[in-house]
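**Student:** These are the residues of each chain, in order.
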Amino acid sequence: MRISTGYGTKPAGGGFETFSWYFFRISGVLLIFLVIIHLIVMHVTTDVACTTYQFVAQRYDNPLWRLYDWLLLTLALLHGMNGLRVVIDDYVRGRGARLIFLSTAGTLTLVFFMLGTITLITFQHSANVGVSCLH
Amino acid sequence: MYKGQSGMWAWLLHRVTGLGILLFLFIHIVDVSLLGFGPAVYDEGIALFDSVIVRLLSLSLIGAVLLHAFNGVRIMVIDFWRKGVKYQLAMFIIALVLTIAGFIPFAIYILAPVLPFLHTHTTTITK
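Chains as they are written, first to last, in the working numbering: chain A, 235 to 369; chain B, 58 to 184.
It is possible that part of the hints are untrue.
Claimed, not checked - Calculated pairs, DMTMM-like style, for lysine to aspartate or glutamate (alpha carbon to alpha carbon, straight line, at most 25 Å): (1) B/60 <-> A/324; (2) B/60 <-> A/303; (3) B/60 <-> B/136.
Rather than coming from a laboratory, the hints here were simulated on the basis of the structure.
All figures in this text were calculated on a predicted structure; none of them were measured in a lab.
Assemble the whole structure, with the sequences as input and the hints as a guide.
**Tutor:** Structural data, given as structure tokens:
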């Protein structure tokens, strides 16, 4: 069984698909840790009813948490949208339809990336941070 | 129709969970962006996460994440280990078992606040 050596002829479609193949796996490994820790912080060490504005404000006072969340956002979004691209490639074959679906996917990627990044960069908690738990 | 076996089901589950997680991610990015509107608005959004239905939905999301992650590891082992293909079914079973094993503690933590008989040290909803 041949295993990729990393050199030799690239696939006819150019190197992007090879890059995509590696990207899934590298981002996937990173995401395992990023997501599991995120789920533990949001649901286990704190009940979700206590993940209020105040909770976020305290976390985001530390810029490392903002960085963590931004890495999670970027990797998850790109990993997921790359997967969506593969699904579209599988089921959408016509030229016009592909144009519509792929450009929608690309647009969604940009829009959600911008929305998430702006939220993480601009968040400055208000003077009144609200309650610590909802009940 | 292609009558595939365990490998096909693994592929299908990986695809379905992946798309499900992606759809959730869109909603999640929007609900976090509510931070910009201040604590009153943001906490309203969090109140939604508190309900029993949404807790169950969160749980199914966590199940999907675990399955997608463990099956993803299985895929990489198939890719990078000479004997990977030979043991693909065994690895799929391991992935399923690990998914269930990881799911149970999350289920306890997430449902405990709303199910009185699971009450341990977490607060219960008084209603």
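**Student:** Now tell me, hint by hint, if it's right for this structure.
**Tutor:** Hint-by-hint comparison with the structure:
| no. | hint | result |
| --- | --- | --- |
| 1 | B/60 <-> A/324 | holds, 18 Å |
| 2 | B/60 <-> A/303 | violated, 42 Å |
| 3 | B/60 <-> B/136 | holds, 23 Å |
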